[in-house]
Amino acid sequence: MNRSFAALMLAASTPAYAAPQPMVKDGHYVMRDGAAIYANVCAACHMPNARGAAGAGAYPALGGNPRLAAAVYPIHVVIHGQKGMPAFGALLDDDQVAAVVTYVRGHFGNDYPGAVTAAEAKAER
Amino acid sequence: MADDPVNPTLAPRRRDLLGMIGVMAGSTAMYMAMAEMGHAQPSPFTGPPKLSKPPAGASVLILGAGVAGMVAAMELRDAGYRVQLLEYNDRPGGRNWSLYGGDTFTELGGATQHIQFDKGLYLNPGPWRIPYHHQGILHYASRLGVGMEPFTQLNYNAYVHSTSGYGGKPRRYREIQADFQGHVAELLGKSVNQGALDQAVTREDREILMAALRYWGALDADYRYVRGMASAGRRGYATDPGGGLTGEPAPSEPDALSDILKSGLWSSLGAHSTYLVQHAIFQPKGGMGMIGKAMGAELGPLIQYNSKVVDIRQDAVGVTVTYLDSKSGGPPRTASADWCVCTIPLPVLGQIPVTVGAPLKAAIDHMAYHPSLKVGLQFKRRFWEEDDQIYGGISYTDMPNVQIAYPMSDYFSKGKGVVLGAYVSTPEAYVAAAKSPEERIQDALYWGSKIHPQYMAEYECGAAVAWHRVPWILGCASQWTEATRAAHYKNLCAMDGRIVLAGEHASYLGGWQEGAVTSAIDAITRIHQRVTEA
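Chains as they are written, first to last, in the numbering used here: chain A, 1 to 125; chain B, 1 to 534.
This is chain A alone, in the form it adopts within the complex (with noise of 0.2 Å):
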């Protein structure tokens, strides 16, 4: 890293820039567990907050969402898509989808029992 770069950093205002790494491999996203897959792929439109946005059209929310309720929604929505939201079962594998699954579901103000398996999501492709 030269100078002239670290002064960049420590210009910017996002306070801790880490240095990128390629997400994508083999056409396959890397990450493995729920959090960074969450981060770095559900958040560009849910929001790192998971609150949703809305513009001429609208992300929902994830968090306090009742349809995640049942498990099996959010791994088929994830999988095959639903109207603008993209397919991701061509980029995660099972394990994948059931990690970020497990996640959302557990977090940000979700309570819903139980991990998600591979299986279940296996049974949704």
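Read the hints as simulated data drawn from the structure, not as lab findings. Owing to the predicted nature of the structure, the values given are computational and were not obtained by experimental measurement. Note that CB positions come from ideal geometry on N, CA and C, so glycine has one too. Treat the hints with care, as some may be off.
Claimed, not checked - Covered stretches of chain A, as calculated for chain B (at least 3 residues, CB under 8 Å):
| hint | stretch |
| --- | --- |
| 1 | 22–29 |
| 2 | 37–47 |
| 3 | 57–69 |
| 4 | 83–93 |
To be verified - Chain B side only, calculated, beta carbon under 8 Å to chain A, not exhaustive:
| hint | residue |
| --- | --- |
| 5 | V348 |
| 6 | G350 |
| 7 | Q442 |
| 8 | Y446 |
Model the placement of chain B on the given structure of chain A, informed by the hints.
Okay, now just chain B, sitting in the frame of chain A:
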């Protein structure tokens, strides 16, 4: 052992190699596949529609003042229709859009960018080039006096770069192109001479083919692609030719075929050959957004800005749209007309109550838009020209920023320039969208500095648009597959009562403005037929 075609110790290695090439080729190959989605679909534009005079008072309400909506509005107005447009934004153009210094852009999530580019410099977050055969959008640009200049799609001196090939050192497109072609010509020549192609090539043609291969591949007199003046005439010299006693040229050493194959850099060679980006290809002078601005000026008060459509209803006699004035607030308002051309992007339209039949509703709802990221970086000096002799064009890399494109105007000027530091349509685009605009810029600087070490010292300011964060579209552009097109395309384009959709999503030119133009003309022509048949 090595001769054994099923040698179990060799077979996995071959698989590994192919897998490795796939990995390295990934980003560029994906880009090319996307660029080819509309491939071989020449624009059917044969001039603006010739609409006869409609019955007095015939009216059309147009939703969206992007390219499709404004083309529809201009033609319908000119024919004699009463026309009104509702537009969510406070400006015309939609994705036909350039960001200039002084502009602000607030994305979903609330991050606001105050663009600080110098006067005359810009980023095109959306479309940035117009191929010569997109005669429709070129027609409207010409009609409105928007000047065109060449877009440099292919620059032989731009870089191709792989993180794993050549030790991560960028190579010139020229070298990889000449060497790949030369080696392939030599191999093919050997096959011909060994009689391996006797089934495919007649004796009569063989001699001609050998001459052609020698010319095409820059082979020497013995049909070899080797260091020499023939290959140097393509790939460049170790010492360029000059004048006088110091002018004697020295040829350069070609790369080994194996290195090119393993680096994956061959995957960038076809990127400029597709019909959609073949030269001649153009950009509007001053930014792509000049077209949208000119169309907006042409239509003037017919466009009602800051209008958020919340309901679309039709009955036997007309269409009524309810909208909110997002600037001045107040109660919902309505606009009515005999007919409606709806160009609202599908991910947004899918959230608006609309009285259409099930086939059209299913077509609207099936579509998610593909992701895209563009990052513009303003540098204090044009080091790509001054240091690297790169005048316009695009460098390709397998890093997450995928493309680096250089300013394609004001060459040799001493001033600043805005480089397109990232153009990403791979799944990395979601990762970028999940970050703040500042982080996207920092990432583009981080990746780009591996190709251009001058980046960090010369950087001044930037702008980053991740299309899934753009409030009025929720993605970059439509994406069709053969299966979805078979299931939904005709239903999406068909008139549903008094409503018809238009836009790039209702075309075989997904993501291209020509798709918006030709779909708009197709749609209003069908409305006009219904009006004049009645």
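Tested hints:
no. : hint  : verdict
1   : 22–29 : holds (count 7)
2   : 37–47 : holds (count 8)
3   : 57–69 : holds (count 3)
4   : 83–93 : holds (count 6)
5   : V348  : holds (4 Å)
6   : G350  : holds (5 Å)
7   : Q442  : holds (5 Å)
8   : Y446  : holds (6 Å)
Against the hints set out earlier in the document, no violation occurs for any number.
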